[in-house]
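Single-letter residue listing:
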Amino acid sequence: MTTMINGAGEADAVIRTRQLRKVYAGAPAFGGFAPPGARPGGPPVGRPPGADPKRPRDAAVDSLDLDVGRGEIFGLLGPNGAGKTTTIGMLTTRIVPTSGSAMVAGVDVVADPAAAKQHIGVVTQTNTLDRALTVRENLIFHGRYFGMTNKQAKAESDRLLEVFRLTDKSTVGVQTLSGGLAQRLMVARSIMHRPSVLFLDEPTAGLDPQTRLSLWELIRELNADGQTVLLTTHYMEEADSLCGRLAIMDHGRILALDTPDGLKRSVDADTVVTVTAGGDAGQLATALATATGVVKAEATPRGVEVHMRGGAGIVPRLMATAADAGFDVSDVSVAEPSLETVFIQLTGKDLRD
Amino acid sequence: MAAITITAPPTGPTQATAKAAFLALLARDLTVLRKEFKMFLARTVMQPLLLMFVFTYVFPKIGQGVGGGAGAARFSTLLVGGVIASTMIFQGIQAVALPLVQDFGFTREIEDRVLAPLPVSAIALEKVVAGGVQALVAGLLVFPMGLFIPATAIDLHINYPLLAAVMILGAFMSASLGLFVGTRVEPRQVPLIFGLLVIPMTFLGAVYYPWQSLEPLRWLQILVLANPLVYLSEGMRSSLTTGVPHMAWPVVLLVLAGAGALLLRVGVAGFRRRVLS
Ligand SMILES: Nc1ncnc2c1ncn2[C@@H]1O[C@H](COP(=O)(O)OP(=O)(O)OP(=O)(O)O)[C@@H](O)[C@H]1O
Ligand SMILES: [Mg+2]
Chain B
1 MTTMINGAGE
11 ADAVIRTRQL
21 RKVYAGAPAF
31 GGFAPPGARP
41 GGPPVGRPPG
51 ADPKRPRDAA
61 VDSLDLDVGR
71 GEIFGLLGPN
81 GAGKTTTIGM
91 LTTRIVPTSG
101 SAMVAGVDVV
111 ADPAAAKQHI
121 GVVTQTNTLD
131 RALTVRENLI
141 FHGRYFGMTN
151 KQAKAESDRL
161 LEVFRLTDKS
171 TVGVQTLSGG
181 LAQRLMVARS
191 IMHRPSVLFL
201 DEPTAGLDPQ
211 TRLSLWELIR
221 ELNADGQTVL
231 LTTHYMEEAD
241 SLCGRLAIMD
251 HGRILALDTP
261 DGLKRSVDAD
271 TVVTVTAGGD
281 AGQLATALAT
291 ATGVVKAEAT
301 PRGVEVHMRG
311 GAGIVPRLMA
321 TAADAGFDVS
331 DVSVAEPSLE
341 TVFIQLTGKD
351 LRD
Chain S
1001 MAAITITAPP
1011 TGPTQATAKA
1021 AFLALLARDL
1031 TVLRKEFKMF
1041 LARTVMQPLL
1051 LMFVFTYVFP
1061 KIGQGVGGGA
1071 GAARFSTLLV
1081 GGVIASTMIF
1091 QGIQAVALPL
1101 VQDFGFTREI
1111 EDRVLAPLPV
1121 SAIALEKVVA
1131 GGVQALVAGL
1141 LVFPMGLFIP
1151 ATAIDLHINY
1161 PLLAAVMILG
1171 AFMSASLGLF
1181 VGTRVEPRQV
1191 PLIFGLLVIP
1201 MTFLGAVYYP
1211 WQSLEPLRWL
1221 QILVLANPLV
1231 YLSEGMRSSL
1241 TTGVPHMAWP
1251 VVLLVLAGAG
1261 ALLLRVGVAG
1271 FRRRVLS
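Taken in sequence, the protein lines are chains B and S.
Numbering follows our numbering, in which position 333 of the first sequence is assigned residue number 333; successive positions increment by one, without gaps.
Just remember that our numbering sits 1000 ahead of the position in the second sequence, which is counted from 1.
Extracted from the complex, chain S is given alone in its bound form (with noise of 0.2 Å):
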């Protein structure tokens, strides 16, 4: 087997070695979703469908539509930026925290990419730019849906720079939640998951109603501030809406990347603790 020449290893400048690695790590990433589409498509259509069937289509049908009339489309309208908050909040969660609880908790195979030529941190932020661009292309799914499901107009009024600057930052706080959450949980523990985080945050998250209807609740309108999808659904709803009432923009901005910035901190940290011993 003489075929098997070793050669003097590549040694090259560590900058630039750990940014290939990471590009294909990335790489890594896509082809896995690709080859998972399908499973992606699932896990990630279906909630944000039947919402919008259910809420802004049989609702107002049957004559149920929340506020009656003029109402309805007017809550369909409010939905839409709702619904695609939480569909990226909630992809961020299962695109990063869930493969990585299995990870550190039976399989292990994440060791193979943790002996990659880069820092360990730098594979953590791997994980959040790929689950990031899922959350994205999560969120951009739920578009059409509001187009065509709705049987009332829905009436949109698009901000484009606002939606790209709102959508990437919610994105980058979806996916570091997601690697916040994965690094704290143990495989026994993700039922808990959903029961103690994914729903309370997607009931409490100014998903349903703008955030400043819950005036006449001054105690839970500050207490659901502490909810980073409060934000996001706000400048989701301050992007596509004008008759809506929603949060200052800068506000919103502001706090979607802070709280990116700190969950990241937090995850990368947690992901060293689970992977170097």
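The shape of chain B in the complex, shown without the other chains (with noise of 0.2 Å):
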């Protein structure tokens, strides 16, 4: 896999976007729509909090600058109504973007949306099988619709099964099959046809952890056979482990773009102690924050989060300072920074589940 830290040149830049905006028109379909994890009455999502209600709504994605280059696995994580499949559609011609420009393999999305859609191979966070379709034909259909002829669609068809594990399924309808299956089988089916670029919509969400680990298992060998990919997530470890380089947003921008260890590394400390005591959290915060090496020190619901340089042996002088402040410690977690202390340090929030 060839990682390009800083970008992918003029030339092999496969998706490039610049200042690409999307400002919808109206309330999601249907009203009552929410994005999933959309908490009831909480902020409404896609507005900065404190956003005053009465301007026109927020971009739902906002100066957006990409360049993937060939080969990469990028990954865009954001919370919910970050912009993520909205710069997904804007990137498969699916939703036309207010203004800027996008382009993938060299073709215009907007301009040429039909040219576009040869390149782009697409699973969506939702479910589109055919559902009058079987399994098999679904993919041979698929191949047809790019042009296969009906024997090369159905001999493409029957090594894909083979590779993904479907054979036995083949005849099945799709409505039968299991959300791992059906997850495996949109993934075929998005790469029948070869395409340029794979976008793949949070496609491990739903999955239980075994069958989130083969899919990824799956995008590394797709990506080791040169499959460039673009994919979403809101879960950290996926980002971690499958992503060369990834972009975080949130509120329809991109707030960091490095690799995930360039990000780790832009943290503000190299250990993270997690302190949980007894008593008022704020004061124990502003305790701590006298401590030798210490770079921050913050109260969270899950306890004071300490960001420390000098490496965990300080540790135990950390220990001392609480105690010497009349703190009774009853837990305290040691790590290095995660792409979770990132997204906190950029967002002030949380990303779990």
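These aren't lab readings, by the way, just hints derived from the structure by calculation.
Everything numeric in this text was worked out from a predicted model, so none of it was measured.
We put the beta carbon where it would ideally sit given N, CA and C, even for glycine.
Treat the hints with caution; some may be incorrect.
Said to hold, decoys possible - To be clear about the criterion: a stretch of chain S counts as covered by chain B if any three or more of its residues have a C-beta under 8 Å from a C-beta of chain B, and this derived list gives those stretches: (1) 1029-1037; (2) 1098-1112; (3) 1263-1277.
Mind assembling these two chains? They're in different frames, but the hints should get you there.
Okay, structure coming up:
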């Protein structure tokens, strides 16, 4: 896998967007729709907290500049409503951008969507398998939509059914597939026509851990064979273990873009210690902030989070500081900075499921 | 898994790609139709079968024949064309509108076909072509009923070229109507399609009577001119019968083509609005 630290050059960018922006015209269809995970009563997603409700609706995606090179696995990491699906929708011609430009495989997706679609493979967030067809027919007809002859499409379908371990399901209707199998079939279908770029929108959402791991393996293998992948996720571990580079998104904007390691290095500390104790967490944070090596100490719902420099060896000193201030420490966890730390540092909020 | 070899994408002239995609979409719809042919038959045959059976067999037999005696034969003759016409319109809505309403409403499976390498408007057009074929087949299925069911002899004088033109344009118009309706209606409004559209269209569509016979009710005669089924029924009668009064065929063909084109245009725009945001 080629990892491009500084982004793809002009020539080898398979995806390239400039100042891409989308403002939806109205409320989502059917009024009551809210993205899964949107909390009732919480602030409307897509709008920074405290935004004036009388202002025109915020952009779902704003000022998006992306360059993804051939052979990359590129990730968009962000919470519900960050604009991940909107970004994929624009790149795959289903959502018309309000302004800005987007090129896929050298084709302008707004000016020539029909040509761009030739280069695109998509696994959408929802199951869009053709319910009137069997598993095998789903693959065959997809191949034929992309210009394969019936014979070619049949041969390729059978090969992919084998590779994706779906052969024994070939003749069943797609409604009977479990979530994991349906997802595998969606991935198989999306690469039937050998797209230049494979778009995966939250490919492992709702899958059990084992199925998730096997799908990760599949994505890695595809990539090893040269498939460029753009995927979205809100799982930290997924972004960390799969993506060569990733962009952290929130409220439609990219907040940071780098390799997972590069992002973690950007955190102001090398050790993150979470301290839980009885008593006032704010006071504990103030006390801990005075210890040597501490960059920052903050009360969070999970305890006081302390960013430190100088390695895990300085943790005992932290404990001493807590004890001196009269706190009874009940739990301490020590970790290296994770993407979660990066995310919290960037957005001031948590990205837990 | 070195078996998944990624080669260069198939880049060809876009025009040829789009044409291949269009034909493949059509092949998909015909495959589905073949698989569900029993269902297609059930939803298609029942209504014309009962209409023909009750009006052209039961009524004359029990002495309730519309017009009585020779009138019954005349009624049976004019009814064949009307029943074919209403069957075609009904099929256009069944075959195009209902699946689309479902698709836009919850399943979203259409998204897969929207990603096929052809313009979105061509995808909508494909729906109309596939629906048109079904409307045509549905209409043709009524002919044998007209031959075997009526208790009285029916008197058909078929003008084949005109019949072909009327049925093809009628099928096109029916499927375009289906596209238009399918892109406008929400899933919970489906029952309204029948109550507020199909039933009024059928009863006021010159199915059971020639349009000219509405003469005594001038206002109604003019009002129903807005109903495209009137022209299809009249066209069918003008190509199937000689003794029954009917509209001039050029008017029929012109209106069917015009209404079809208009509905197609509005339907394609609606389709684009529904699949692109
Ligand atoms: N069709 C639509 N009409 C209006 N607003 C929309 C529509 N689709 C999405 N939005 C809004 O745009 C913003 C971005 O949504 P988007 O679906 O792109 O986020 P996401 O990152 O994919 O979220 P999730 O993790 O929930 O899938 C949200 O505020 C959402 O409510
Ligand atoms: Mg999404």
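Here's how the hints hold up against the structure:
no.	hint	in the structure
1	1029-1037	holds (count 4)
2	1098-1112	holds (count 6)
3	1263-1277	holds (count 3)
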